[in-house]
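Engineer: As you go down the protein sequences, you meet chains A and B in turn.
Residue 39 is where the first sequence starts when you use the working numbering, and the numbers rise one by one after that.
Residue 39 is where the second sequence starts when you use the working numbering, and the numbers rise one by one after that.
One or more of the hints may lead you astray.
[Stated by the list, open to error] A few chain B residues facing chain A, derived, Cβ under 10 Å:
| no. | residue |
| --- | --- |
| 1 | P82 |
| 2 | E90 |
| 3 | G134 |
| 4 | V147 |
| 5 | L226 |
| 6 | K235 |
| 7 | F237 |
[As the list claims (entries may be wrong)] Quick list of the computed label-pair ranges, beta carbon to beta carbon:
| no. | chain 1 | residue 1 | chain 2 | residue 2 | range |
| --- | --- | --- | --- | --- | --- |
| 8 | B | E293 | A | N118 | 24 to 32 Å |
| 9 | A | A115 | B | G175 | 39 to 47 Å |
| 10 | A | P177 | B | D277 | 39 to 47 Å |
| 11 | A | N348 | B | T71 | 29 to 37 Å |
[To be verified] In silico PhoX-like cross-links for lysine-lysine, where the CA-CA straight-line distance does not exceed 25 Å:
| no. | chain 1 | residue 1 | chain 2 | residue 2 |
| --- | --- | --- | --- | --- |
| 12 | B | K154 | A | K67 |
| 13 | A | K67 | B | K336 |
| 14 | A | K67 | B | K153 |
Rather than coming from a laboratory, the hints here were simulated on the basis of the structure.
Predicted model, so just to flag it, every value in this text is computed and none were measured.
Cβ coordinates follow ideal geometry from the N, Cα and C atoms, glycine included.
Now for the letters of each chain:
There are 2 protein chains.
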Amino acid sequence: MDPVARVDSKMPSHTNGFHVPDAVKDNGKYDPTFTKRVIEAIGPKTSPRFREIMTSLIQHVHDFARETELTVDEWAAGVNLINWAGQMSTDRRNEGQLLCDVIGLESLVDEITYKKAAEADDVATQSAILGPFFRLGTPQMKMGSNISQDTPADAQPVYMFGRVVDAKTQKPVCDAEIDVWEASTNGLYEQQDPDQKEFNLRGKFKTGPDGEYSFYCIRPTPYPVPDDGPAGQVLQMLDRHPYRPAHIHLIVLREGYKPVTTQIFDAESKYLEDDSVFAVKDSLVVTFVPREGDPQAKLELNYDIALKPNA
Amino acid sequence: MDPVARVDSKMPSHTNGFHVPDAVKDNGKYDPTFTKRVIEAIGPKTSPRFREIMTSLIQHVHDFARETELTVDEWAAGVNLINWAGQMSTDRRNEGQLLCDVIGLESLVDEITYKKAAEADDVATQSAILGPFFRLGTPQMKMGSNISQDTPADAQPVYMFGRVVDAKTQKPVCDAEIDVWEASTNGLYEQQDPDQKEFNLRGKFKTGPDGEYSFYCIRPTPYPVPDDGPAGQVLQMLDRHPYRPAHIHLIVLREGYKPVTTQIFDAESKYLEDDSVFAVKDSLVVTFVPREGDPQAKLELNYDIALKPNA
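Work out the full structure: start from the sequences and follow the hints.
Structural biologist: Here is the structure:
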């Protein structure tokens, strides 16, 4: 009948050797055994990785609540925000993801995943967050196609081309699949915009033996992340703007190589220094240059993609 | 164009003097300026309290991700879980709240809120979590009414009575409003159960000058929290059962006094030591005793409620 005493007697906890500093764990004001009890409640059949994740999550969430002396009303406001995010999410919108993005979490787990996969000896293309607007099922297109099905008058057409190479040998990689997507000049991806055609500004390409790829697209423009939901409310309460710098999304896949999910950023764009989702990396900033003698595009971008072989 | 350098130059950060140990903040492997940059992005017009909360939240969420080396796939699974919680939530079910409950967060913010409100010199009734099954609009009833509209055959009727008193003076408090609710013997609250009548096992009572209250109810029974959603999935993955010990919920409100939200637990119930939402406190454990000469109930519970005056 005294749960505290009971659980205390079966310490030590399952913290798996994490460094959890005592000063944060217990500020002395609140039941010092509570977090331990919650962690100790994890049963023996839990997978080791899930135990590791939940032990750290419970410790940090509790420390956060104690540090800020979070009240029931403040917590309930947070619960409402999270429920609202789920209710807004559909196959065309992932608001839970966007909430994470505006506090930098997707960018951080991207860095962690990339670093975990990286080996020291060769430089592959850096990763960047997937973002909430990726869609499965983008149609395969022929090299040199235009992914812009209905180019708006204010768009600047661009010819983008380059090679997919092996990060170790620098040799071309054939059969690499490149999935590309970008927003239109009104700041909307096609699934957000009833006026754009299905899969507009999306395309999938497969390299041949030369590793080369090419397509026409439009120069990307900055746009705000959707701010009519909880992520927008958080941004507003944080006195931050919702804008992202101009970028093109890429996923590059090839059997035998580590997949790359990335974004490339226009060097001349606004918001490179204050991206609302913290995704910019210097190595991903690219420069569009004038293109000569092509009636389809006055700008071009030469961008090579280096894939790291699986170990 | 180098956001890291730019933000670094305008340190120090807005951590508001929280103790954020360096060993956790930066394990040396990942960009040591990243979390600072996200926190520094908070604008000057943010309310001081929201800045305090979000600074701590961002720091802890990032530390959690770095400590566990959370991958993109693991993070995405968490986002799906949170979106799912929102999608399941309705006016009859709050799954975001339940997710917090199973990791002890509601119980912790309840403790924090209660401690913040507490003064040292008088002992008010302790609080416990609201839980996800409270409903507004419970009808007012006369003292001595039965809140069980259709008592199941396996239920044990109980006469519950007592006084609402001032925690300082021990004098009766009149015009105190008592809102009570409990699950039926099948483990379901009326809004979860199409077979129960609207507002079954709920009642609202107002004390007179004697501060006394009384009603008939049923002896509560243990039940599992709903485990068909993300909270249930987390419990299962944590190798934990979903059961709560038998309890009756109470909210007691009176102008001039601090509100009390609490639960009282049957001393003979299972799960007192391993409540799935960590809400049991020793002072809230009560004993049902035999009742003589009452055809309506063979058990009774005498329970006084002490309200703390507003400062």
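Engineer: In ascending order, which of the hints set out earlier in this document are inconsistent with the structure?
Structural biologist: 5, 6, 7, 9 and 13
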